[in-house]
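S.K.: Chain D is already provided as a structure; the job is to place chain A on it using the hints.
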Amino acid sequence: MIKLNGIEKYYSSGFVKTYVLRGISCEIKEGEFVSIMGPSGSGKSTLLHILGMLDEPTNGEYYFLDQAVHKISEKQKTEIHKQYIGFVFQSYHLIDELTVYENIETPLLYKKINSSERKGMVADILDRFNIVGKKDLFPNQLSGGQQQLVGIARAVITNPKIILADEPTGNLNSAQGEEIMDMFKKLNKDGTTIIQVTHSEKNAAYGSRIINLLDGWIKEEGKN
Amino acid sequence: MFENYIKVALRNLIRGKLYSFINITGLAIGISCFMLIFLFIQDELRFDRFHSKADRIYRVVQKLDHTEGQGENSSSNPFPVAQALKTDYPHLIEETVRFFNFQVPSFSLQYGDARFNEKRLFYADSSLWKVFDFPLSVGDPATALAQPNSIVLTQEMAKKYFGDDNPIGKVVRFEGAVDLKVTGVFAALPTQSHIVFDGLISFATVYGQTGPNFGKSWIWNPCWTYALLKEGVDPSELESQFPAFVNKHYPDFIKPQMTHYLQPLIDIHLKSKLDYEIQPNNNESDIYIFAAIGIFILIIACINFMNLATARSAGRAREVGMRKVLGAERNQLIRQFFGESLFMSFIAVLVSMILVALALPVFNNLSQKQLSLDFLANPLIFAVLILVGIIVGFLAGVYPALYLSSFEAISVMKGRIKFSGRSGTLRKGLVTLQFAISLALIIGTMIIYNQLSYLRNVDLGFTKEQVVIVPAKPPIAGRYETLRNEWMQNNSVINVATMNEIVGAHHNTHEYNYEGMEAGKWIYFPSLIVSETFVETFNMQIIAGRNFSKDFPRDDSLAVIINETMVSHLGWESPEKAIGKRMYTPTGDERVIGVVKNFNFVSLHDPIGPFLLDMPLSNQRPFWIKYIAVRIAPKDFRETIAHIENKWNTVVPEYPFEFFFLDEDLNKLYKSQDNLGKLVGYFAALAVIVACLGLFALASFTAEQRTKEIGIRKVLGASVGGIVGLLSKEFLKLVLLSNAIAWPVIYYVMDSWLNGFAYRTSISLMSFVLAALMGLAIAFLTVSFQAIRAAVANPAKSLKYE
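Sequences listed follow chains D and A, in order.
Residues in the first sequence are numbered consecutively from 1, following the working numbering.
Residues in the second sequence are numbered consecutively from 225, following the working numbering.
One chain only, chain D, in its complex shape:
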C-alpha cells in the first residue's frame, strides 16, 4: 500500500543542513497496524506528516497505492488525501465552534456528499462510537478521551483505507488511552490500515509492527 524509498527531509539554514529524516525506506501493506516509535526529535511526526501528504520530503520516492506521490500535483494529493486518509491528532484538533455532530460531518461536506446521506453516515458513526448522547455538545464540554473519540470518528467517517494517528493517547490518562487503543484495534480488525506514532511501549503493543526511529534513521524494525 505504501512504499518509501530513500526518503530524506532536512532544513537548510545558511550552509548547515539539519536532517530530520534520512534514508527512510520501508513498505507498509494493507491491513497492517504499524507503530512508529522513537525519542523526541527522532522524526516520528515528520514521517507521519509525509505519509499523510501534509508535508513533503526533500528527497526520495513515495508510492501510495502505486501512485508516485512525489510526482503528483497538490490537487491530486488533496484528492487522495480526501479519499483514502484519515488523521487523528494528539491534541484532537476539533473545531471549537462546531458541535460533535458537525465536527464529524465536516469531512463529508468537503467530499460534497448530499445532506440525507450525510445524516445517515454521521448517525451510524455516532452509534458505532457510542456518542449519540454527546452529539450536540461542543468540544470544550467533553473530556479528553471523549474528544479523541470524536476525533477518531471524524477520521473514519469517510471510510479511509488508512488512519494516521499522531500520539493519539498522548494527552489522555491510561484508562482513556486504553479505550482509544481498543477502538484502533477494532478498526484494524475491520480492515483499516493504521499507522500510529507513540512513545508508549504498551500502545505499540496493540500494533503488528514497530518502526523505531533515532535521529532520523530507521534503527530497527520489529514484528510483534
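Derived by calculation from the structure, the hints in this document are not laboratory data.
Given the structure is predicted, the values throughout are model-derived calculations rather than measurements.
Fair warning: there could be bad hints in the mix.
[Claimed, not checked] With the Cβ distance kept under 8 Å, some of the chain A side facing chain D (calculated, not the full set):
no., residue
1, E543
2, M546
3, G551
4, Q556
5, A633
Glycine included, C-beta positions come from ideal geometry on N, C-alpha and C.
M.R.: Okay, now just chain A, sitting in the frame of chain D:
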C-alpha cells in the same frame, strides 16, 4: 456547506462577544453615517427634479456688466422679458412663467382676526402649471391664477387662516387694501425646490394695485423668469438669439452692458450664486465635502473590521489547518471567510437601519431637511444598503480570506505560523490611516469653527449689535417722521434710520454718472438708499466731508456719500479731494458730500468694493423705506422693544408689527457654513468613536496575544507601569505618525476652503496641536485600559497553559 459557514460565523460572533460587538457597532455607525450622508446628498441632487419637464425648464438670468461699474449678476429680469421671449421665439419656447414679490420682505394677509406678515408670497403667471408641476389638492390649474385677485395657498397656510373650514372661495385681505379670493390649495409640496412659497397670487393682481402701466420698464429687474423650451430645443440655440433680443428691446444706454443667459432649472440649487436669489442656494462643494466624509467614515469602520479579523486570524489558523486536513480546498476556505464577513456586514447593515431611523429626526433638524428611510418611495436606499453591505463585506473580508486560507495545514499544526510579521505591519498601517482621517476631521472642525467665530466677531465697520430691524411698508412713508419721533421719546432708543435693503446683507445697484464720465451714459454701482440718520445709527465714520443732514433739505437730490474704495476706484487721489465731485443720477445733479470709512456691505465671502449711500427723493420715499433700523441700548431691551411695538401699533395700526435683530439676520449669511461646521463636527466625533472602538479591540487583542510575554516580564521583575508603557507605546507611536499624515493634507484642504472667504482667519498651529493632544489622550485612555488589565494579571496563571 453554506449552512455550516453560517453556523461557524454565528458561533464565532457569540464566542468573541467583545470583538463582535465592536465590529458590528463600529461598522453600523460607519454605515449609518454613510447612509445619512447619502440621504442628504440624494436630497440635494433631487432639487427641482420633481417637475416632469425639469430637463426642459431654464431660468432666464441677466448679466449687467460694466468695465468700470460693479454690475449685477441677476437671477431676475425686467417684467417684459418673459412675454417678449415668448412672442419673439415661439418656435423655441413653449411657455414662460414669472415670479414676483416687489422685492419686499413680506406681505400682510388678513382673514378675520388672523393677521400675519407673510414672507413667502409671490405673484405668479397663470402659465405656472404649464411649466411646473407644483401639485394642487383643490383647484383647477387652468383657471386658479387666471383672474386678478386670486390666491392659491399651501395646506399649512389654509389651515393657519381658515382652520378646518373649506378655504375655497374665502376672501383674504392682502396688504390691507386688496381682497383676494382663494382659488386653490396646493397638495403637500416637495421640499426639494429652490422656489419655496406659502402662496401664489395671480400676476394680474399687480396691475390692479399699481395701474395698467406698471411693469413696462426694461431696467428694473425683479421678475424671476422661467422658460420651458420646446421638445428637442438646445438651450444654446435660444442663447444665441439673446444678443439680438437685447438689441431689439433694451434702452440704448444699457445695451452694451446687458447679456442674458439660461440656467438649467436642476442646476440652480447647487450651482447658482447670483444676486437676488429667491433663497440662498447651497454649495456644490459642500456635497463633495460630505461625500468624502461619508466615505472616510465607512473606510474607518471597514478598517476596524479588517484589523480585527486579521488580528484574530491566529485563533482561526488552527481551524483553517484542520479544515485543510479534512479535505477543504483553498477556494472553499476563501468562500467561507468571505461568507463570514458578508454575514457580519449585513448584520451591521441591519443595525445601521435602526440607527439611521433613530438618528434621522436629529439629523433632519441639523440639516434642515425632511429625509426619511422610506424604502417604497426611495428604493435606491435599499440598493445602496445592499451594495454597501456587499462592498464592506468584501473589503473587510478580502485580507483575512486570502491570508488565512493560505496557511498550510502542517505549519499550523506545528505552530510555525508567525503572526507578528506582515499582518502586523498592515494592521499598524491601517490604524495609522484611521487615526489620520479622524484627526483630519477634528482639525477641520476646529478650523471651520474658528472661521465662523471670526466671521461673527470681525469688525464690519458698522454696529450690528442691539440693532432692531423693523420691515416697513410703502404707505407708512408719510408717517415715518411721526413714528421716529414717538420712538425717540424713549431714552433707550438711540437712533432710527431707514434703508431700502438690510445693510451688510443685501443691496441693489443703481445708475450713476461720475465726474469725468461721458454725459448720457450710466454705470451701475451698488448702493443703499437711506435716510439722513443712517450713518449715525450704525456708528459709521465719516472720514472726509460731511454726513447727510436735515440742515441741507436738498440733500435728497443733490448729495451722495461714497466709501473709501470708491475714492480709489475712481482714481480720486484722496477722500478730501473727492468731496464736491459730480455723481449724477437720472433724477438729480448729485455731488459727493462725504466719504465714509469702508464697511462690509456684503458678506465676508467678498471683499469691499466701491459703494454709495444715497437718499431717496422725497416724493419717492414710499418705495425706498423698506426697513427701519432702530439702535437701542443694551439695557432692558425687552421693554424698549415693547415700546417700539406699542408706538408702531398706534401710528401704523393697519400692519402687524414685526422685527428681527440685525446681527441674527447677518449670521444667516453663514448659515450653510454653520451647518457644515455642525455636521462635520458630529461626523468627526463619530469617526473618532469608531476609530477608538477599533483601537480598543486591537489593544485588547494585543494584550491577550502577549499574555505570555507579559507574564515572563513580570516574573523577571517588570513593574505594572513599565508594562503599561510597553503596551501603549506602540499605539501612541502610530497616533503620532498619523498626525504627520493628517496635518499637511488637512492644512491644504482647509486653506483652500478658507480661500473662499475674502475675510479669513489664518490657520493656527493651535488647532493642530490640540487635535494631536486629543488624539493622543483618547488613544492612551483606550489602550491603557487594556494594558493595565494585562499588566496586573497574575503571571502564574498566564504562564501555566503555555
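S.K.: Find the hints from earlier in the document that the structure breaks and name them by number, from lowest to highest.
M.R.: none
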